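Student: Sequence:
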Amino acid sequence: MHGTFETTTVGWLTIILGWILTTLALVSVILYIWSRGHLKVSVDDILLYLSFLISLVLMSVTTWAVVVQGQGQHESSESRSQFELVAKSLLINEILWGIVNTFMRVGAILFTRRACSAKDLGGAFNEVTIALLVASVTYAVAVLATSLAICQPISAGWDQTVKGRCGNEVVAYLWLEIVAAVLDVAILIAPLYRVIQLKLSLRKRYS
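Those letters in the sequence shown? Residues 1082 to 1288, by the working numbering.
If you're looking for bench data, these hints aren't it; they were derived computationally from the structure. This structure is a prediction, so every number in the text was calculated from the model and none was measured. Mixed in with the good hints, there may be bad ones.
[Said to hold, decoys possible] Below are the DMTMM-like pairs computed for lysine to aspartate or glutamate, each with C-alpha atoms no more than 25 Å apart in a straight line:
no.: 1; residue 1: LYS1244; residue 2: GLU1165
no.: 2; residue 1: LYS1169; residue 2: GLU1250
no.: 3; residue 1: LYS1121; residue 2: GLU1258
[What the hints assert, rightly or not] Beta-carbon label-pair distances, calculated as ranges:
no.: 4; residue 1: THR1219; residue 2: ILE1270; range: 13 to 23 Å
no.: 5; residue 1: VAL1252; residue 2: ILE1173; range: 35 to 45 Å
no.: 6; residue 1: THR1103; residue 2: ASP1265; range: 13 to 23 Å
All C-beta atoms, glycine included, are put in the ideal place defined by N, C-alpha and C.
Using the sequences provided together with the hints, build the complete structure.
Tutor: In structure tokens:
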């Protein structure tokens, strides 16, 4: 078909796995809403719903890039105009991915704080969760700054005729992912600090 490209195996795997995970996320959101019943919607709930909606946009952009514009193929097999569209879609994906992850992290931290008592929030746990909130927002700013400033001018990232330069995107995003992984682990460990201190049986702690 004119104007389309043969999608590679990597491209199809990206689409299939992406939509499978998106479907699982949808089921999780539905179960979460069902479990809450008539409870008042909180800020962390709103962040959860927003992150899911944005992830739908993210997957739609990815699907469009892979199927319609040929993302996943070698750069040499794409025309200039199509390469520019793919490069722009990658930039949008990076920004959307940063927003989704930030909403999820901030929502998880706020949920943890809401689930704790006032006494818990008055000690070291309060300082830890606030530090994690600041770190999550700072990371989001770093992702946005990297996405927009990795190429100077920004159009050098998709327009090969522009006289500019681009930094090493692979190294930059690799370090961002490493920081993200450490941050995610810290957010998961944070509530365990309070659970361990509770005088509960081992079975109840795991539950």
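Student: Does the Cβ distance between THR1103 and ASP1265 fall inside 13 to 23 Å?
Tutor: holds, 19 Å
Student: Is the Cα-Cα distance between LYS1169 and GLU1250 25 Å or less?
Tutor: holds, 14 Å
Student: Taking 35 to 45 Å as the hint, is the beta-carbon distance of VAL1252 and ILE1173 inside that range?
Tutor: violated, 21 Å
Student: Holds or violated: LYS1244 with GLU1165, Cα cutoff 25 Å?
Tutor: This hinted pair holds, its Cα atoms lying about 15 Å apart.
Student: Can you tell me whether the CB distance of THR1219 to ILE1270 sits inside 13 to 23 Å?
Tutor: holds, 19 Å
Student: Are the Cα positions of LYS1121 and GLU1258 separated by 25 Å at most?
Tutor: Violated. LYS1121 to GLU1258 sits at ~34 Å, over the 25 Å cutoff.
In terms of the numbered hints stated before, the structure departs from hints 3, 5, listed from lowest to highest.
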